[in-house]
Amino acid sequence: MTSAPALEISGLGKTYAGGLQALRDVSLRIDSGEIFALLGPNGAGKTTLINIVCGIVTGTAGTVTAGGHDIVRESRAARRLIGLVPQELHTDAFESVWATVNFSRELFGLRPDTAVVEKLLRTLSLWEKRKDRIMTLSGGMKRRVMIAKALAHEPKILFLDEPTAGVDVELRRDMWQLVRGLRAQGVTIILTTHYIDEAEEMADRVGVINKGELILVEEKHTLMRKLGRRELTVQLQQSLSILPASLAGVPGLTLQASGAQLRYVFESHDENTDIPDLLQKLAASNIGYKDLHTGQSSLEDIFVDLVHRPVESRQ
Amino acid sequence: MSAGFNGRGIWAIYKFEMARFKRTLVQSLVTPVITTSLYFVVFGSAIGSRITEVGGVSYGAFIVPGLIMLTLFTESLSNASFGIYFPKFTGTIYELLSAPVSSAEIMLGYVGAAATKSVLLGLVILATAALFVPLHVLHPLWMAGFLLLTAVNFSLFGFIIGIWARSFEQLQFIPMLIITPLTFLGGAFYSINMLPDVWRTVTLFNPVVYLISGFRWSFYGTADVQVGISTTLSLAFTAICLVSIAWIFRTGYRLKN
Ligand SMILES: Nc1ncnc2c1ncn2[C@@H]1O[C@H](COP(=O)(O)OP(=O)(O)OP(=O)(O)O)[C@@H](O)[C@H]1O
Ligand SMILES: [Mg+2]
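Protein chains in written order, with our numbering: chain A, 1 to 315; chain B, 1 to 257.
These are calculated hints, taken from the structure and not from any lab test. C-beta atoms are modelled at their ideal positions from N, C-alpha and C, and glycine is treated no differently. Do not rely on the hints blindly, as some may be mistaken.
[Unchecked claim] Calculated from the model, a selection of chain B residues having no Cβ within reach of chain A, i.e. all distances over 12 Å:
| no. | residue |
| --- | --- |
| 1 | G60 |
| 2 | P134 |
| 3 | L242 |
[Unchecked claim] Within a straight-line C-alpha distance of at most 30 Å, the following computed DSS-like cross-link-like pairs (lysine-lysine) qualify:
| no. | chain 1 | residue 1 | chain 2 | residue 2 |
| --- | --- | --- | --- | --- |
| 4 | B | K15 | B | K256 |
| 5 | B | K88 | A | K131 |
| 6 | A | K131 | B | K22 |
| 7 | A | K142 | B | K88 |
| 8 | B | K256 | A | K211 |
| 9 | A | K156 | B | K15 |
| 10 | A | K131 | B | K15 |
| 11 | A | K156 | B | K256 |
| 12 | B | K256 | B | K88 |
| 13 | A | K119 | A | K142 |
| 14 | A | K142 | B | K22 |
| 15 | B | K88 | A | K156 |
| 16 | B | K22 | A | K119 |
| 17 | B | K15 | A | K142 |
| 18 | A | K131 | A | K142 |
| 19 | B | K88 | A | K211 |
| 20 | B | K88 | A | K129 |
[Stated by the list, open to error] The following label-pair restraints were derived from C-beta to C-beta distances:
| no. | chain 1 | residue 1 | chain 2 | residue 2 | range |
| --- | --- | --- | --- | --- | --- |
| 21 | A | E154 | B | A104 | 24 to 30 Å |
| 22 | A | G186 | B | A104 | 32 to 38 Å |
| 23 | A | G186 | B | V30 | 51 to 57 Å |
| 24 | A | G186 | B | A144 | 51 to 57 Å |
| 25 | B | V243 | A | G68 | 33 to 39 Å |
Please construct the entire structure, taking both the sequences and the accompanying hints into account.
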């Protein structure tokens, strides 16, 4: 409809009252309809970032616009677009599911609409529980209630702060079903997670935040291509005790499994990999092999690598 | 918060708070009714048999406005302070902070609901009192005005306490330590004209005296202090509370990080 990005964050910083700098100079642009995964270790600043955008924490530097609306100067317009499922479970113990979800909708200034709420509760398998007091629900059910509350005002941008932490397999699957459904409706979704397979499966783009700094934003596939490693495993016909001289100089090549296999690791963005060369050398040295296997590092490997690598050696 | 008005948001908060009161309706009503009845038995009968009249009004009838005020103070304070403290305590305040409702709108929802409940309770106590003593209200409009203004004032004050409090102890602290003594020393059960001159002068520094006196005047047409002063003081109290709340919200004091 408009060309404004769903979210435009520039130079965002946050220093908490105690002096802790939780975010420094974060700039990020998220397009409409994107699924963006924010990764980072505990205490990296993910929740702080989300809370600033949602109006729960006040930033100490920088600006944010949501759908083109400044979150401070045009807070009403910005907030109407945003739904938030916070990391912690915060619910009204004594309210019924039905009442609390309807409350959320009206709080955002929308006309009560039982059809919308009913559909939402059915989608989240909460319909049977609608008359129950929230305190009588299980943890997973409470999380569903919080999702229903966040979606009650039909937001265009949804923040999911660790939606699948401590959630069983079924709910996790439901959650991803829901996310896909929302994306199909054009909702922009920003999520944080510690399950990297989740980001790998769902996200269009990935941002990595560490110690308050956004150290990387990349399209998921590009990231995996650029930073991912590939490896070749060669099952040998006869075990070797040491690498023959002709192979000893090849970087990334090691002997494994008591000499029964060779492992060759290389950067996946490397154009001229030496696989053919390596295989020729094997043949020349009369080393027979019975199987070859190639693999690719997961987003998890990349992430762990990024966060633990010192700053200078990045890029 | 930017321009605009979210009336539905206010209404949602108001309804939410009224639903909370409804869940505890029985305690909410029974407690003040029993307490009031006890006051009549203890003060009205025991003291009333010695002091038959104060300023031409029977003692039992004389204490009615004070009793209603006492309930208004404590109920408004506790309901409004608890109302806003509880979401802070449970964490559900995240939703209020992230919603397109302004601070003024949040305040209207909470204070409006707390004041509504207090006024209803005040009327219930008035009805209870009518069972014990013959009542007549000389200036009903003024009576309603004082009832409403006091309920709003103490709800505003309670709202501030609720935002300020970091624990349940702090939540109880001001009502117990300041409001209750001020009320008992504020002429709820006696006319300050019955006090020795020195104490009378000291008492005039107690703002509660003016509230009770004004309210009593609306019933019986007699007052310890001029009604104009009572009215002015009440309105000044409203203004102070509103300014404080405006400051709290502008700075995000104890609500946002
Ligand atoms: N209210 C606060 N006051 C002071 N410091 C805070 C506050 N909230 C968070 N912090 C600090 O800011 C830093 C970032 O916290 P944040 O909650 O944003 O991390 P996170 O990336 O969400 O971590 P997690 O994965 O554990 O949820 C941490 O060092 C945290 O201790
Ligand atoms: Mg977090």
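Here's how the hints hold up against the structure:
| no. | hint | result |
| --- | --- | --- |
| 1 | G60 | 39 Å, holds |
| 2 | P134 | 42 Å, holds |
| 3 | L242 | 21 Å, holds |
| 4 | K15/B - K256/B | 24 Å, holds |
| 5 | K88/B - K131/A | 25 Å, holds |
| 6 | K131/A - K22/B | 17 Å, holds |
| 7 | K142/A - K88/B | 19 Å, holds |
| 8 | K256/B - K211/A | 22 Å, holds |
| 9 | K156/A - K15/B | 27 Å, holds |
| 10 | K131/A - K15/B | 17 Å, holds |
| 11 | K156/A - K256/B | 25 Å, holds |
| 12 | K256/B - K88/B | 10 Å, holds |
| 13 | K119/A - K142/A | 17 Å, holds |
| 14 | K142/A - K22/B | 24 Å, holds |
| 15 | K88/B - K156/A | 27 Å, holds |
| 16 | K22/B - K119/A | 28 Å, holds |
| 17 | K15/B - K142/A | 22 Å, holds |
| 18 | K131/A - K142/A | 14 Å, holds |
| 19 | K88/B - K211/A | 28 Å, holds |
| 20 | K88/B - K129/A | 26 Å, holds |
| 21 | E154/A - A104/B: 24 to 30 Å | 26 Å, holds |
| 22 | G186/A - A104/B: 32 to 38 Å | 33 Å, holds |
| 23 | G186/A - V30/B: 51 to 57 Å | 53 Å, holds |
| 24 | G186/A - A144/B: 51 to 57 Å | 53 Å, holds |
| 25 | V243/B - G68/A: 33 to 39 Å | 35 Å, holds |
In summary, the structure agrees with every hint in the numbered list given earlier.
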